[in-house]
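Peer 1: So the chains spell out like this:
There are 2 protein chains.
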Amino acid sequence: MTLTDQSPIAHERLTTMGAALRVALDGPYAAQRAVARATFPAEGALRPVDLDVEASRDWTLARLQELQAAGFGSAGVPDRAGGHGDPLEAALTFETLAACDLSVTIKSGVQFGLFGGAIMNLGTDWHHDAFLPGVTTMELLGCFAMTELGHGSDVASLETTITYLPETDELEVHSPTPGATKAYIGNAARDGRMAAVFGQLVVDGERHGVHTVLVPLRDERGATLPGVTVGDHGHKGGLLGIDNGTLRFDRVRVPRRMLLDKYGGITDEGAYTSPIADPGRRFFTMLGTLVRGRVCVGGGGAMAARRALSIATRHALRRRQFAAPGRPDGVLLLDYVVHQRRLLPLLARSYAFGAAQNQLIEAMAHVQGEDPSTEREQRELETFAAGLKSMQTWFANTAVQAAREACGGAGYLSENELTALRGDVDIFATFEGDNTVLMQLVAKALLTDYKQAWSALDRTGVVQATTRAVGGMVMERTSAGLMLERLAATARRRPDETTLVDRGWHALMFEERERHSLESLARRMRSAAKSGGDGFEAFNRLGPHVQFVARAHMERVTLAAFVALIDACEDPEARAVLETTCSLYALSSIAEDRAWFLEHSRMTTARSKVIGDQIDALCRELRPHALALVEGLGIPEAWLGAAILRD
Amino acid sequence: MTLTDQSPIAHERLTTMGAALRVALDGPYAAQRAVARATFPAEGALRPVDLDVEASRDWTLARLQELQAAGFGSAGVPDRAGGHGDPLEAALTFETLAACDLSVTIKSGVQFGLFGGAIMNLGTDWHHDAFLPGVTTMELLGCFAMTELGHGSDVASLETTITYLPETDELEVHSPTPGATKAYIGNAARDGRMAAVFGQLVVDGERHGVHTVLVPLRDERGATLPGVTVGDHGHKGGLLGIDNGTLRFDRVRVPRRMLLDKYGGITDEGAYTSPIADPGRRFFTMLGTLVRGRVCVGGGGAMAARRALSIATRHALRRRQFAAPGRPDGVLLLDYVVHQRRLLPLLARSYAFGAAQNQLIEAMAHVQGEDPSTEREQRELETFAAGLKSMQTWFANTAVQAAREACGGAGYLSENELTALRGDVDIFATFEGDNTVLMQLVAKALLTDYKQAWSALDRTGVVQATTRAVGGMVMERTSAGLMLERLAATARRRPDETTLVDRGWHALMFEERERHSLESLARRMRSAAKSGGDGFEAFNRLGPHVQFVARAHMERVTLAAFVALIDACEDPEARAVLETTCSLYALSSIAEDRAWFLEHSRMTTARSKVIGDQIDALCRELRPHALALVEGLGIPEAWLGAAILRD
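So the protein sequences, as listed, match chains V and R. Just so we're aligned, residue 14 is where the first sequence starts under the numbering used here, counting upward by one. Just so we're aligned, residue 14 is where the second sequence starts under the numbering used here, counting upward by one.
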């Protein structure tokens, strides 16, 4: 790895602890991430704050072209037929981009991840040969036209039709209603030349469910093609560099071969054909290949949070307010307990999610890699990605806002970068799957697993199986999960004799929260199913419980990942700091739900009452390592760009 | 009251329930508010979403001039000497403005409330005669130059000096250090011609604490005057229409009479003179006159929340997603329990804060009105204003974000107005006093009261006084407070036999939360004081507890106000809806702190476990009244301006 003088981090100086924490958090990808940081052209990486919509789009396109030329854009998209692209490279590149401007990041995601990804994953050799080279070089800018105005999260109900016309061997793409208008589509308003359009495939009068077809949108000079109507969403709450817009199709015809036909196509004889007979399975298989987008968006949100926390914490280590006894020059912001409580638990959570994201990337690299994977592994990857995307993007919104408030009035000035982050990251909670809907998918997958586990036990005649054993079957398949289970086992016998920083106790609490809430949800689901009457209402009422279960699961998975990350850390001093950081994460999570633990007799009130003080104590313990913790987050100081940190 | 055809609400049609709820929530100011709504020139009231910084400033200034001409700008600033302005009119006008564009609102606040307010409250006849007419007509645009770069919330430590020069009978205004630079000052970067500058007054070498002097900044053509250096904060996270900037003074001289000398001035003989001997008391008296700003900003934040919730709730009453049994066209968003839980508790809280804000305005009108008020009333007003400002502006941030997410991708399009609200209202949590710091003031006032109550009991020899009696002395002085106390008394004997919607039980829980946390804070404060050693650290550790006490107090005050509002409502059907709304507010607040109630044995776990279901049930009960509840919030549909609600 060579650092040039042009690299802004060529001279990055870290504290010893900061460097060690960074290696630990970078985990299995420490080397790749170090190279990315050192070679990323970070000069001019941040969009000037006051560009208008058009100028923002210009800037973003130009910047992405520059990055593509430097090898940082098209990662993950193969430029040859049959290639799968390197999912690992895609995820790591995306997060590097997300450490800087999020419009560039998302435009990269639209072009390479979504548009390129659709061609790669849903298309076959001809599509790869014909289009991937143009995708990679950005000569062919494209859209991922899935969402419709009338059907935000409900992909199965898309109204756009893709009708096969045997007379001319063409497909007719049509938007039959205003609700069928494709909406929020990146690259649609201005730059896109082609779109991967999702719609209902109709062959010989029969519907075969959602498929994807490539439809040219504009000619070489950018003029819209006949039958295509484009709308511009214009100004947005953030991501001004993305030209989101609407697309309507009025009986637009394309050759049959434009159908991305890996999972469903039309024979020369004009008959529908698919390697997957079951339409439901086919639908979820097709959507499943797009999991990379969720992995990347969650990781991108996490990077936005890291950047905001880096700015706010570094500021809090410089800024003094109010003199106090023994501190005539004023107290450093980060020496106020209230300020520590604002920022340090969020830093801890950043580490926790970082550990989980590493595991998610690993799982994706496995499932999408060269080696074969099982359908079960694929489904688990989708659940993990959906849940972690939601958790990380909600967290990003919270963290960026906390960082803004922690910087006071200075945080509100665009020159300090937090306001752009705030605006940009907001929509991460909605796109690539609305978080609330994604959490429902997580809970649904858990319930399915749970049911299957019970059925399996029934079949083998083990009717006396304890719920614990069932829980074990559902939850602990990964090595990290097993490690956590072992920790929990040590605390299970006498939980109230453990200390508040006993990892076994944390593990036990996290497991109990998930297990018990899942079991009771399953029970309530069964009664709802039996109750008859308005089935929708019965399930509808379980909505908040469903969200709780999904969150409890994701928290446990995250803690397991953090424990595994510490286990892999070989530097004893960094390890000690990580242990404290992990305790702060775990205890903050327990504290948020301590009413639940009390209600379910998992904790005494005496113990619950002192959690707050213990969190304060952990903050105090981490306070001397605040700078190192920020360095460990892996965003070089020179990339932060906040004026407040300059003088 | 005459409605012209030009008024966009001339034809506003409300449901009967909506009209009744509006009257109830408008409370004592129902008539004034109805007139304001009907006469406010709401055409063009919303800033075009894509204006750049300069165009936003132009638009905002022009719009404010237009409003001023229509009688909606200068409310509250008298144009004659000796006038106090009408505080009631000021507060009501501010909230009407805040129902539309917040840049206009804040520019009005800077010009009339802060700059005009400083002249009015801190100046004497000559200042009033010389400057108030220009303030009122906006011929003299001005700044309120208090905050310094080095001293955000710490006004007592301001470094700017105002030094009396007897040789020339002038005052020399000087910024001795970079930290003394005035920062975030509205009207500074572009429009201001004069500033009310806060600094340390030095007479004959002696410092007399913070005083305020009027300093001309620019000549008639807008050129900066000698010795004045102006900076431009440029682009911000919102409020682009406000030209915030920095001000530095290099030994700028102004005549002695430019000192706003109501509370401290210089005699013709060159000696310092003040009607208030104690410097501390003088400082707080001067700052205290500025309470109107906090009252207005809190109310403005509340209006932003109302606007966002109005948009999101109306959208949720139109938008369908996912078909379900018996609902082939899809389920209305607001029929999802999860969606109800997102929006309805926030609507309930809007009503609660509305009730409290009415009382706050009433208190301000009394203290700042013609009739004399006591120092105690003034101090209570300041505490109330500080706390309610924090509560309402934090809430505004939460509510606007929830509304954005509840509208999904559409919420992110600027044409739907939520993103501008989000950006604009963000800083409300910081300006006019950082919320965290203001909550410390609230807790401090409560502790002082508590201490005085104990001392009074001690003096009268009542050593056996129960804590309850002390609590009573501290907390229940208002008639609303007494009403709540009576309700609590009915539940106190057998709290666990009450229902979850028993107002007496709510009252008891709110009181217990405040009383107990205040008592334990007082106890911890005493030990901290006794502990010796690092006094700062001992108090610092109580920071989170301090915040909890302040919040508990504000919640109780808010509930008391809501109960009083219902008591005043004469429409039995509206009253019933308000009772349910109040229960939803109260129970949501209890639910958030239910760990605390469990830890302190104020609630059984059995009871705690069913609160969530009870909240769901209340949401279900209010669901048919959702539109009426939105109408009651008092923002006419025609003012919302969201494209999403148009077709």
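Check the hints yourself; a few may be wrong.
Identical copies go unnamed one by one, so any copy, or any two together, can satisfy a pair.
[Said to hold, decoys possible] Result set (DSS-like, lysine-lysine): computed pairs, CA atoms no more than 30 angstroms apart in a straight line: (1) Lys-275 to Lys-457; (2) Lys-457 to Lys-622; (3) Lys-543 to Lys-275; (4) Lys-622 to Lys-275; (5) Lys-543 to Lys-457.
Worth flagging that the hints you see were computed from the coordinates, not collected in a lab. Just so you know, these numbers come straight off a predicted model, no measurement behind them.
Peer 1: Hints broken by the structure, by number, lowest first?
Peer 2: Violated hints (numbers, rising): 3 and 4; every other hint is consistent with the structure.
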